[in-house]
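Residue numbering for the sequence shown follows our numbering, starting at 7 and increasing by one per position.
No lab work stands behind these hints: they were computed from the structure. Mixed in with the good hints there might be a few duds.
As the list claims (entries may be wrong) - Pairwise CB distance ranges, derived in the manner of DEER restraints:
| id | residue 1 | residue 2 | range |
| --- | --- | --- | --- |
| 1 | L17 | I44 | 36 to 42 angstroms |
| 2 | D14 | I44 | 44 to 50 angstroms |
| 3 | T46 | N13 | 48 to 54 angstroms |
| 4 | I44 | W24 | 27 to 33 angstroms |
| 5 | I18 | V43 | 34 to 40 angstroms |
| 6 | E36 | S11 | 36 to 42 angstroms |
| 7 | I44 | E23 | 28 to 34 angstroms |
| 8 | Q12 | A45 | 44 to 50 angstroms |
| 9 | I18 | F38 | 26 to 32 angstroms |
| 10 | E41 | S11 | 44 to 50 angstroms |
| 11 | L20 | Q42 | 30 to 36 angstroms |
Keep in mind that this is a model prediction, so the values were computed, not measured. We put the beta carbon where it would ideally sit given N, CA and C, even for glycine.
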Amino acid sequence: MVLCSQNDFYLIQLTREWLFALAFMTLVGEIFMIEQVIATGWV
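Sequences and hints are given; from them, build the entire structure.
Here it is as structure tokens:
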């Protein structure tokens, strides 16, 4: 039971880190796209 709880905790930590990384990559991608739009003068 304790082993299962530790496994669940590890899985939750892994999922949280993955979601944070995904959100960070999305944010960086949006900033890059905005800079590309400004650079090409589409504003």
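Do the hints match the structure? See the list:
no.	hint	result
1	L17 - I44: 36 to 42 angstroms	holds, 41 angstroms
2	D14 - I44: 44 to 50 angstroms	holds, 45 angstroms
3	T46 - N13: 48 to 54 angstroms	holds, 49 angstroms
4	I44 - W24: 27 to 33 angstroms	holds, 31 angstroms
5	I18 - V43: 34 to 40 angstroms	holds, 37 angstroms
6	E36 - S11: 36 to 42 angstroms	holds, 37 angstroms
7	I44 - E23: 28 to 34 angstroms	holds, 32 angstroms
8	Q12 - A45: 44 to 50 angstroms	holds, 49 angstroms
9	I18 - F38: 26 to 32 angstroms	holds, 30 angstroms
10	E41 - S11: 44 to 50 angstroms	holds, 45 angstroms
11	L20 - Q42: 30 to 36 angstroms	holds, 33 angstroms
When each numbered hint is compared with the structure, no violation occurs for any of them.
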